[in-house]
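Sequence order for the protein chains is S and H. Counting from 4, one number per residue, gives the positions in the first sequence under our numbering. Counting from 510, one number per residue, gives the positions in the second sequence under our numbering.
To be clear, the hints were calculated from the coordinates, so they are not data collected in a lab. Even for Gly, the Cβ is constructed at its ideal location relative to N, Cα and C. Check each hint, because a few of them may be wrong.
[As the list claims (entries may be wrong)] What the simulated footprint calls covered on chain H by chain S, stretch by stretch (three residues with Cβ under 8 Å from a Cβ of chain S suffice, anywhere in the stretch; the number is not a length):
| # | region |
| --- | --- |
| 1 | 624–632 |
| 2 | 734–745 |
| 3 | 958–969 |
[As the list claims (entries may be wrong)] A few chain H positions that, by computed beta-carbon distances, are all more than 10 Å from chain S:
| # | residue |
| --- | --- |
| 4 | Ala589 |
| 5 | Ala636 |
| 6 | Lys646 |
| 7 | Lys669 |
| 8 | Gly728 |
| 9 | Met806 |
| 10 | Pro816 |
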Amino acid sequence: MRADAPDLDGGIGIAEPRERGDLWRFSHEAMHTVFEVYASHPDERYAAQAAQAAFALVDRLEGDLSRFRSNSDITRVNQLTAGESARVGEAALECLLIARHLYDVTDGAFDVAIGTGLPSLEIDADDFLIRATAGGVRVDLGGIGKGYAVDLMAELLEEWGVERAFVHGGFSSAVALETPAACDGWPLTLSDPREPSRVFSRLSMRQTALSASGVRKGDHILDPRTRTPVRGRLAAWVALPRPGTAASGHEGFRLAPAAVADGLTTAFMLLGVDRIAALCARSPGLEAWILPDGVSACAADLLHFNGRATPGDDDGGRGRQAK
Amino acid sequence: MADEDDKRNSRVPAVSGAPPKLGRRDLLMGLSTVPALGLFGYAWNRQQQYRRGREAAAAATPAAAAGLQEINVALLGAGAQGQVLMEAMLRIPGLRFRAVCDIWTEYNLRRVVNTLKRFKQEPNGYADYREMLDKEKELDAVIVATPDFWHARHATDALKAGKHVYCEKEMSNTLEGARSMVLAQRETGKLLQIGHQRRSNPRYIHCYQKLLGEAKLLGRIVTVNGQWNRAVAPDLGAPDRYAIPEATLKQYGFKDMHQFRNWRWYKGLGGGPIVDLGSHQIDIYNWFLGAPPSGVMASGGLLYYDPKTHEWHDTVMVMYDYDTPVGPAKAYYQTQTTNGSQGYYESFMGDQGTLLISESELNYAGQLYRDPNAPAWDEWIQKGYVSAPKEQEAKEQTGSGAIADVRESVAPDQHTVPVSLRDPYHQPHLQNFFDTIRGKATLNCPAEIGYESAVSVLKVNEAIEAKSRLSFKPEDFKV
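Only chain H is shown next, with the shape it has when bound in the complex (with noise of 0.2 Å):
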């Protein structure tokens, strides 16, 4: 058996243009400088093989192979939710990083050019966004995902440069910076798509066409009930050997590296945990019932954690007051940061059935409740738009003249949302971005929708510190 392992290694030499340094393409040879790890050289020889017929196949680039029109990115914001988005974006063809811009150069700047580098992608790194602006001519869009307060700024300066912008959500953390960015897009005319990635979740686009729109299972719905509940978890820290120079931090709206890192938690910089979750679910509430809220009253209070750190709720339980095209309607939310349990989901509940669905549908695979009395879901299985119960339910024996045929108690149907997202979270919402530019389609989240949302979701810590009811009127949600 040795014999064969020497002949494995034996031919690892053998391999002809071999890379001469230690690199992304050359797995096999930094291995074997490590001693224990190099008797496992990788199968390089039948990679070789693979990548030389790849090569041979597809002279030009992917993008142009593929007959798509190229598009020039940059990241600005290169944190937690910009790697997020890279990675998504590192999964659909035709898009070039020309850029990438964050303050914290030496870590998370630096990591993401990186990793953009082992994609064979070759992005300039900015510490200033108006230097990358100025820069770099040939951008056709830029994604920002910077902290909330940023946010507008960003937009609407990419946009007047002549950018198209993907932002992330919360659109802004104040209403006027929120009309800001949608009288930006009006008045520049490029595409602004706001973060919130449901909207073009194929499940969540399913139950929103199909099963509320075209079906019409739930009936009427007369509530909503939803929640995102987080574990306790220490604030966030940052290697100490990569602290960013405090003139910096200053520069951007920092106080320290603390809050650089905890951003969220802070007045005038984020919205505290209503905002960074509450935000994605109470859009969808918004586009299932088919309008904003005209009411809300909402309890909330730094029940927790330290308020030297933590300046928003780490608590907060809200209802809403709907008027919806079929009647009025009321929605419950809560978000908590101090016990994980039943994590995420939203369930919308009408007089004939139940939908509860979620983001992760590891936790909540698409439950579908009839009503007992509700009509029949035959025709909406048949055509795949509900799964089919796993135990048919009793039904007259049609023929025998029986009402019923008595045995073992059965259980009432189960079905779930058919639809799976098999792609990153984000990388659905992010194409049907690219998409529009290509002209191929319409945003699903555009500047209008997005301002919606940020009036909706806002307004919870208004009403917290108010103690009473606040009202919307129709115009509050128009710029």
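Chain S with its partners taken away, still in its complex shape (with noise of 0.2 Å):
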């Protein structure tokens, strides 16, 4: 099980390592798509039964939060009527608060629940009740369940001790950890969702969380406040560094950049480029990429923003095009 560089599907493509002596590679299917460990490690089979286990428990997340299970925790939240509760496990939990959390950050534009009144759900996170005052609400966690799941697998590896690795679940939601002993961050490229071989931007990342939304030629995505489709956008990344050892650990609730990543892509696919500037001017470490649609979509088209702008930066680190 060697290691190939993938083919690239838009969203985000690994670019070959240089050094590829103890690199490995192991996938698995879950949650409508292939998740991969690349794990650079001395023993072939030590890394196996890590990555094994850390696909055992993105199905076990996946019986917890889809909302195509009969009896996983996010079916119980979309059936209950109003004044009804549900009590959730952990993961489902931290998913909502995120989720809700980015509702509120993006103005509606990251919905989970896709314009049904996610605002009637009430979350007790010292109980795990989810309460409705409303029924009706159809959660989806399809836009940050799987930046969650690459967050966890994330932590298991290390866990393990696998530190050298990097996790994505579709390529459009990774977390690179710590690097191969010869590269200063795990190759990364952004490219044209409409043609993958056109390769806008070369990234090298350790202990980041990276993700994508893109649209495909005939794909639109759905603005949950209007319902109409968006235009405008043909893709957006957003990268944000993974909090210390000393930030998450087990008393707290778990800091998921993956999983917040994937709900700002989904979200910068719709909100105003100033709106997008400001959040990153505010947010240190924060960075997004953003596609204008446009016939002659290049790299000379992407709008970057970049979190690391000084305060008092003269552009607050409003959009500048990529070098």
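Bring the two chains, given one by one in their own frames, into a single complex with the hints.
Right, here's the structure in full:
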């Protein structure tokens, strides 16, 4: 199972690393896509067992989070009528907290309930209870579930001591952990969703979550606020640094950067450029790339928003064209 | 728009009574310690208001509020299956986790105790189950999810300590062990539920009581077919840094860490896939057919995996004979671990119809097929026992004088079982156990039923060895 560079499919690509000595790749189907673990480790068997444990975790999460499972936490939430409540597990609670928060931050541009009334779900984080103040809310965690899964996979691999790893779900939600010995970062690409061989940007990442949203030819994304197709954007990418171990840990709720990045990419397909620039300017570490729609969309059209801009910077992190 | 963000953020410090440290109550504060995520302070204000409202409304414990007698439970075995049971129990009101016991203290025990703490439970952690039984005087029930070869000792010791016991299947890896459990249950008068969780699944109960019992939709069941196929998987590993000391492993009957993680494959510890997987479904064969088997033939072997680390058969094919109350029947079952095609299901075939059911509703909707010559199902459709067909079959046009309306071809009726399980797979079975403790139910899988299934399943490995048909006598199933 030596790793080969997979075909790029838009979203995020991984370029061939320079040193391939101890790099292994493992794949698993879940959540209607393929999850992969790239692990740089001297013991292939051990790396395979760690990857297997990570995949088993994804399967468990799918059982809790999928709206297609009749007995998942999310299905039970979706069946609540006004005044009813459902006890959920940690994964569903954390995803709903993140989803609700992103809904507020993006003024509903990211909405896991797609206009069916997410604010009608009250989240009691102390008792792991979701209470509906109105019926008919239909949650679909498709927009952050994969990100949440890769966040947890990354945590598990670290626990196993497989720290030099890269994890992705369907190439649209990814986490880069520590890098192979001879690399400064995991080599990644951002490419044209309509023509993946057209690479716009090459990145080198470590300890970072990176997510992508995009439209292929004939696809469209619905604006949950107006329920009309969105025009003007071909793709959005968001990167967030992983929190240090001091910030996460098992006493508190999980800080899930890939889940947050997942939700933001969806929102950034809709939000105005000024709004995106403002969000990035106010969040050190948050980085975004937007590909506007246009006949000749090319690397020069890629807007780059960088939260690392220092306060007082003239353009305040406003979009700049990629170099 | 940036102003709106400012406003949103500015609300955050205004929340009163913010806890002082990063804890489960304080997601927002935790996030704010991370620059990039700090922007996204959660909708804390709203939650705080809601929480305060709830606290005012429910001053008493949830159990007391619901008028339930609180049950003190211990989880004995905190591995993968123990965690599944814990997750299900966290969704059942009125339970108090007093203790968790596992020899893998640095990993599974720690994880489970931490999870329970987040759910406001305060369990004590133990490595030694005897110490737990000695010290935890208030326990009402023990949930046993340890490797099969420990079940008999764990269950009988807990029963003799005066606790009710829910024990995972397979009841034991030996018939002597299973028998000792039945005897201990009788002797102590405490409850012993065996974890064949389909017995409490509302879909299966509906099929048994309504479709097979009352409506007799399948007519006489003559053949049964079922399988659990799994794809190739590497052996289970463990994080190096959390390896259990060798002396501890030896003390609890494991050669090494690999055997501890993969005990299901080892003789003397587990029973292989036929026991791990087949046990669930063969139990359903017995239940739905109304009798245990009268004979068994089986072929099996280790065809694929490394014999150094896999002692049991990775592939098993079984044929059972049954003498059911309505006549003889034959049942086929297979489990293989090299290709997951078509997963797991049980198919009951009668002279009037077929039921294809699986615990996995996602993959098998509970298809029901009616033989075209069987009586119509209209009554059962009206009663809601079976789903209505998508298209009505071509019927005689009443009053037209014609025998048929000739038209585009009509597909045969398609029906499904209209009952869904809405809770985690093991929750109803655990609920049945706790309801029985409270005197509000009877066990769906008491020790005697678990024993019948254990006899039916453990005999398969014997039949493979014997390479010939083995007979069961009715007394084989009795203790």
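Comparing the hints with the structure gives:
1. Here the region 624–632 of chain H counts 4 residues with a CB under 8 Å from a CB of chain S, which clears the bar of 3, and the coverage holds.
2. Counting residues of the region 734–745 of chain H whose C-beta sits closer than 8 Å to any C-beta of chain S gives 4, which meets the bar of three, so the coverage hint holds.
3. Figure legend: the region 958–969 of chain H, annotated as covered by chain S; annotation inconsistent (0 residues with Cβ-Cβ distances under 8 Å, at least 3 required).
4. With a closest Cβ-Cβ approach of about 8 Å to chain S, H:Ala589 is found to fall inside the 10 Å limit, against its non-interface label.
5. The claim that H:Ala636 lies off the interface holds: its Cβ sits roughly 20 Å from the closest Cβ of chain S, which is beyond the 10 Å cut-off.
6. H:Lys646, annotated as away from the interface, keeps every beta carbon of chain S farther than 10 Å; the closest lies near 28 Å.
7. For H:Lys669, the condition that its CB be more than 10 Å from all CB atoms of chain S holds, with the nearest at approximately 34 Å.
8. Against the 10 Å criterion, H:Gly728 stays outside the reach of chain S, whose nearest CB is about 29 Å from its own CB.
9. The Cβ of H:Met806 sits about 34 Å from the closest Cβ of chain S, beyond the 10 Å cut-off, so the non-interface label holds.
10. Non-interface status of H:Pro816 relative to chain S is upheld: no Cβ of that chain comes within 10 Å, the nearest being about 17 Å off.
This entry does not satisfy hints 3 and 4, going by the numbered hints stated previously.
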